[in-house]
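Participant: Listed below, chain by chain, are the residues.
Number of protein chains: 2
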Amino acid sequence: MTEKQDSMFSLLREGPLKVCILGSGNWGTACAGLVCANAKESYLFCDQVKIWVREERLDDGRLLDEVMNEKRENVKYLPGFPLADNLVAVRDITEAVRDADLIAFILPHQFMEVTCKSIQAAVKPSARAITLVKGLHICDGVPYSFSKLVETWLGIECSALSGANVAKDVANKQFCESTVGYKETEMASIWQQLFDRPHFRVHAVPDVEGVQVCGAVKNLIALAAGFCDGLGMGSNTKAAIIRLGVSEMKLFANIFFDGVLEETFFDSCGFADVITTCYGGRNVKCAAEFIRREQKSSWEDIETDLLGGQKMQGQLTCKEVHEVLVKFKILQFFPLFEVTHRVAFEHAPPDELLTVFMTAKPSEPKIDKECTHSVLYGPLTRVQRDIKKHVQLCIQPCPPAKKT
Amino acid sequence: MTEKQDSMFSLLREGPLKVCILGSGNWGTACAGLVCANAKESYLFCDQVKIWVREERLDDGRLLDEVMNEKRENVKYLPGFPLADNLVAVRDITEAVRDADLIAFILPHQFMEVTCKSIQAAVKPSARAITLVKGLHICDGVPYSFSKLVETWLGIECSALSGANVAKDVANKQFCESTVGYKETEMASIWQQLFDRPHFRVHAVPDVEGVQVCGAVKNLIALAAGFCDGLGMGSNTKAAIIRLGVSEMKLFANIFFDGVLEETFFDSCGFADVITTCYGGRNVKCAAEFIRREQKSSWEDIETDLLGGQKMQGQLTCKEVHEVLVKFKILQFFPLFEVTHRVAFEHAPPDELLTVFMTAKPSEPKIDKECTHSVLYGPLTRVQRDIKKHVQLCIQPCPPAKKT
Chain A
1 MTEKQDSMFS
11 LLREGPLKVC
21 ILGSGNWGTA
31 CAGLVCANAK
41 ESYLFCDQVK
51 IWVREERLDD
61 GRLLDEVMNE
71 KRENVKYLPG
81 FPLADNLVAV
91 RDITEAVRDA
101 DLIAFILPHQ
111 FMEVTCKSIQ
121 AAVKPSARAI
131 TLVKGLHICD
141 GVPYSFSKLV
151 ETWLGIECSA
161 LSGANVAKDV
171 ANKQFCESTV
181 GYKETEMASI
191 WQQLFDRPHF
201 RVHAVPDVEG
211 VQVCGAVKNL
221 IALAAGFCDG
231 LGMGSNTKAA
241 IIRLGVSEMK
251 LFANIFFDGV
261 LEETFFDSCG
271 FADVITTCYG
281 GRNVKCAAEF
291 IRREQKSSWE
301 DIETDLLGGQ
311 KMQGQLTCKE
321 VHEVLVKFKI
331 LQFFPLFEVT
341 HRVAFEHAPP
351 DELLTVFMTA
361 KPSEPKIDKE
371 CTHSVLYGPL
381 TRVQRDIKKH
391 VQLCIQPCPP
401 AKKT
Chain B
1 MTEKQDSMFS
11 LLREGPLKVC
21 ILGSGNWGTA
31 CAGLVCANAK
41 ESYLFCDQVK
51 IWVREERLDD
61 GRLLDEVMNE
71 KRENVKYLPG
81 FPLADNLVAV
91 RDITEAVRDA
101 DLIAFILPHQ
111 FMEVTCKSIQ
121 AAVKPSARAI
131 TLVKGLHICD
141 GVPYSFSKLV
151 ETWLGIECSA
161 LSGANVAKDV
171 ANKQFCESTV
181 GYKETEMASI
191 WQQLFDRPHF
201 RVHAVPDVEG
211 VQVCGAVKNL
221 IALAAGFCDG
231 LGMGSNTKAA
241 IIRLGVSEMK
251 LFANIFFDGV
261 LEETFFDSCG
271 FADVITTCYG
281 GRNVKCAAEF
291 IRREQKSSWE
301 DIETDLLGGQ
311 KMQGQLTCKE
321 VHEVLVKFKI
331 LQFFPLFEVT
341 HRVAFEHAPP
351 DELLTVFMTA
361 KPSEPKIDKE
371 CTHSVLYGPL
381 TRVQRDIKKH
391 VQLCIQPCPP
401 AKKT
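So the sequence lines, in the order shown, correspond to chains A and B.
For the first sequence, full-length UniProt numbering begins at 1 and goes up steadily by one.
For the second sequence, full-length UniProt numbering begins at 1 and goes up steadily by one.
Quick caveat, the hints were computed from the structure, so don't treat them as lab data.
Where chains are identical, the list cannot tell them apart; a pair therefore holds if satisfied intra-copy or between any two copies.
Derived lysine-lysine pairs resembling DSS-like cross-links, with alpha carbons at most 30 angstroms apart:
1) K369 with K329
2) K361 with K329
3) K76 with K168
4) K168 with K361
5) K134 with K369
6) K117 with K134
7) K117 with K4
8) K173 with K361
9) K134 with K329
10) K327 with K117
11) K369 with K183
12) K134 with K361
Kindly produce the complete structure, drawing on both the sequences and the hints.
Facilitator: Here it is in structure tokens:
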């Protein structure tokens, strides 16, 4: 962010806040349902909510956005659920964001950079963003959160939302929870009011980066949990693998990101999302199949055979995290992530997933200060200093914010 | 504890430490396997390990302890697994504990008081104890940990061990983890060396009470998770219920026990054990059946029909925790525990398990200090002060320690 933005109250002086959702996959569309319901009920928000739908022709040759506006249904990505009548699909992204005070990014992560660049000139400098994107941006072996990139590319403050949510269940109004990571106190409450519904409870923690690390790394843990299933191990073993995964996820977050809080891992985006992901979902299913096929199928083949066109993220996250750990020479602090990578990509025997822990010595007893503060002790303090020295944001900052 | 005990090093000057296990159910017998293997390998411990077996006649009229010593198998509680040759079954409890330096309690919790009283005179004042007992002792609506009771009844320091462990899987050497809660630093390492095996990794955290609260309250959370299964809810919803349960478990621990650490809930005894318990095990199975039978069967009938002689703990823990919350007038801070009690015992419609959260307002954004310290804020500080004032240990302390 180039400079401190005006408070939300001065924005509100000019009228209710205009909301724009960038992305119309199943998650974007399900979230639009939450947002539209709240926009209608709350004095804070403009009734009309815009959703950007990229140019996409359906089999009958018609454009998706036009069909959405006419049929009131996202026939491609969330068929069977009526769209709220205050949702407007917009194909021109510049038009979608031009007036927006609140912008929600709900895109596959590979589209984030090009999308942000395409709206740089159009976004109001007073706007605020929130990212619901799953994943981290790895640049030259250094992990960045998408909130940081949005702030860098667009010069506006960005929060994050992640949690134990399956799009279809949310659209079906099954009860679930989610977590907003916030930086500006007033934004915590705004985002909660925009997304929270009785069946979709949104908690807020002051930790934007931690929330995003959880959303990304959980899929790597699900890969290990899937290997466990493929090996036919019992529930003790799977719980141990999940716990080890969460502990390495915490460590990863604390090493590479600032201000990460213990509490984040207790919230919905933390261990709860890891549970959902490790006991259901695509990654765990494909990983188990990978072991059953004796590591002889490629990940692409397994995706094709099991997911019918959908994609899994775990194997990509596994590669990306590995790249980071290798660059900073800290593989030895992440035995689970390392062995998961070796099983997934280097044909290591799958039972190494466990034997690597069975030959290790008992861990040192933890002492009080390690248990009460979310900071690093021992050799990792040095590692963290080294990393801070080497990390340069290898992303171009946005042009100076234009004045309205 | 009446006075500070001598250090372990002065004990060791007299020779290797003698180990006694009190309890020979499936968990006691499985743990004996771990302990015997370590006793044999380590210079710290006497080779011979004693296990107390209460007087019990088998169908053929023979005594269990005699059959164990002869057949080298616990034919009643862990059939099919050979006992280590350095394990000796002892029927006379006084004889079992008389020389012991390290005493492990692995009993059903209702037998703890009578057992401790029966060995008061025999226990060496220099001995140390560890409890693997699941549950809390509720006396006049006040919860006590069994470590506190052992210290009060016997005048010796007591640690605790709990984790995501199923006895049979441990006996089968499936990989799993466990957590020791310790108070004296030197004991952390001793207990780790006694219990840790390659397939049974033991971590240590300086939080004896927190470890025990987790082991007890998890079964109440499993009851709620089982209701969720019985209602046919998806994985989002179940993850939300588990997360809410863990957050109330943390709150319960922090209100009623001293020195509880965030880290404890990240260890094996914490959310990992909750996962194992909520995705398998007796409590969740019986609770789901309770809903499927439309709350018309008694818990006793369900136990009989589903568990074939085994017992579940969840409904007892639910009652006990409820009694505590009522006594201290803090039900409103535990909405999940309360609604679970109402569904389990007061015929509340099962879907209240969720609707209670669906009508609540969004939670207040958490602020930094709430996220970084394991202490209570807001109205609960007052509640905690009140509780401290009212709590008197309603347990008779032990007679003055005799000198050896």
